[in-house]
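Chain residues, written in single-letter form:
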Amino acid sequence: MAGGDDLKLLGAWPSPFVVRVKLALSFKGLSFENVEEDLGNKSELLVSSNPVQKKVPVLLHNGKPICESMVIVQYIDEAFAGTGPSLLSSDPHERAVARFWAAYVDDKLVTSWVQSFRGKTEEDKSEGTKQMFAALQTLEGALRECSKGEGYFGGESVGLVDVSLGGLLSWLNATEEMSGTKIFDPVKTPLLAAWAERLRELDGAKLAFPDKDRMVEFIQKRQAQAAAAAAAAASEK
Amino acid sequence: MLSCSPTSTHHPHSTSSQHSHPQTQTDRHPSNAPTMASEKSSSDLTLLDFWVSPFGQRVRIALAEKSLPYEYVEEDLLAGKSERLLQSNPVHKKIPVLLHGGKPVNESLIIVQYLDEAFPDTPSLLPSDPYARAQARFWADYVDKKVYDCGSRLWKLKGEPQAQARAEMLEILKTLETELGDKEFFGGEHGFGFVDAAFAPFTPWFMSYEKYGEFKVAEVAPKIAAWAERVGKRESVAKSLYSPDKVYDFIGVLKKMYGIE
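Top to bottom, those sequences are chains A and B. Note that full-length UniProt numbering has the first sequence beginning at 1, numbered continuously upward. Note that full-length UniProt numbering has the second sequence beginning at 1, numbered continuously upward.
Honestly, the hints are just simulated from the structure, not real lab data. Possibly wrong hints are sitting among the right ones.
Pairs of lysine to any residue, SDA-like flavour, derived with a Cα cap of 25 Å [stated by the list, open to error]:
id, chain 1, residue 1, chain 2, residue 2
1, A, LYS120, B, LYS158
2, A, LYS55, B, GLU168
3, B, LYS145, A, LEU168
Use the sequences and the hints to build the structure in full.
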């Protein structure tokens with residue numbers, strides 16, 4: 001780590017958006033102070049660093065805050081351009097394609113998967129699931145194109161899209177475990193399934209990813225809370 | 001952006017995608033109508049666009065700021081999507097699409113960054129300092145996520161949901177007001193920049209938001225109102241945007257299409 005570079009990450013261990021930042025920092029070989037926020041009781045530092053959204057992750061670099069996971073990831077790549085691998089190609093068109101797919105993960109995959117979890121009706125939820133698998137099919141094609149025969153969206157080494165999608169892996173794996181349905185299905189999306197295995201083995205991923213069992217426990221607790229809240233609301237009517 | 005379902009049966013399907021938009025040119029600065037539409041440009045740039053799209057306009061503004069010649073191609077979205085559009089953006093099937101040497105770049109803010117990087121000898125919209133770039137990306141992303149969606153709810157909905165949209169819009173404007181502060185442009189020291197280009201196309205929509213939301217931008221966010229006027233006089237912006245009246249009329253057309261009163 002360059003002298004005088006103080007990196008502090010305000011995060012919450014289950015958040016896929018926080019994991020993205022941890023992945024980027026780890027892939028670049030950057031050390032940082034990890035500050036665990038209690039999202040039910042947000043710290044003064046978090047609220048003052050991200051007054052607009054009041055959300056994690058927030059990266060503080062020598063005290064200056066950067067917010068929004070993919071903005072942070074690109075910042076890390078640019079501010080530490082000399083350190084570790086580049087997360088983006090130097091070719092403008094390849095950079096545009098990577099940014100496109102990184103954004104796609106948020107627009108389509110995250111949105112549909114959240115709907116599959118939090119949809120108000122069973123119909124809503126199953127529509128979310130359907131769209132999630134459609135998005136994964138599209139990402140399978142994207143991986144084929146972007147990897148050019150190598151192992152990652154970034155080609156030979158990890159890039160922006162690997163970080164964007166990689167952040168979600170723990171949630172998706174936990175969901176697989178709980179539902180019994182493969183999300184990264186080696187039959188439907190073989191490249192993605194292999195990619196997920198490959199990414200998990202990287203040192204950077206091992207540092208960034210939450211423990212799977214802990215993740216399952218967390219999601220189960222969340223679902224129980226949501227169910228209880230729904231039941232309480234129903235009984236009040 | 002405007003993924004309007006083609007319901008009109010009166011317009012022929014757009015196979016030849018190169019035509020200017022007759023009834024809308026009257027209030028544009030005459031010397032800046034898309035006359036470049038007929039020249040194959042030396043920069044080999046083609047923009048698939050839709051006249052009133054704020055997302056397309058961001059790209060037009062960036063191209064103008066960089067004095068880059070390009071072929072403007074109007075996609076008549078209300079009639080249907082051309083083969084070329086569907087092939088260039090198969091994932092989202094939306095405009096704007098920039099074709100550079102035939103290779104497509106999609107998503108307006110990604111296109112603007114691409115133009116900065118592919119044409120490094122032209123004035124850049126993003127600043128060079130990584131921290132300033134991160135701030136610019138954050139705010140452009142904020143505009144992207146919030147303004148069009150909230151604005152649409154303002155004119156689409158009624159009653160409580162509309163009131164909610166109104167409250168949100170006021171919040172958005174106040175937040176942007178705080179960010180702008182006393183700067184001439186959102187780009188600050190850099191001058192007219194990424195966030196200015198991202199937000200400027202929404203300024204003609206203010207009048208419609210004001211009518212539907214029953215508020216005045218000048219009262220809620222006076223600095224934003226002043227910025228809108230300043231930015232509207234800038235050449236690249238002036239020649240890319242349509243009048244508030246045209247936007248208001250267009251919203252009327254959309255409402256009819258969606259069967260909203």
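Hints and how they fare:
Distance hint between LYS120(A) and LYS158(B) is fulfilled; the C-alpha atoms sit about 22 Å from each other, no more than 25 Å. For the given pair, LYS55(A) sits about 18 Å from GLU168(B) by alpha-carbon distance, which is consistent with the 25 Å threshold. A C-alpha spacing of about 21 Å is found between LYS145(B) and LEU168(A), which places the hinted pair at or below 25 Å, so the restraint holds.
Comparing the model with each earlier hint shows no violations; every hint is respected.
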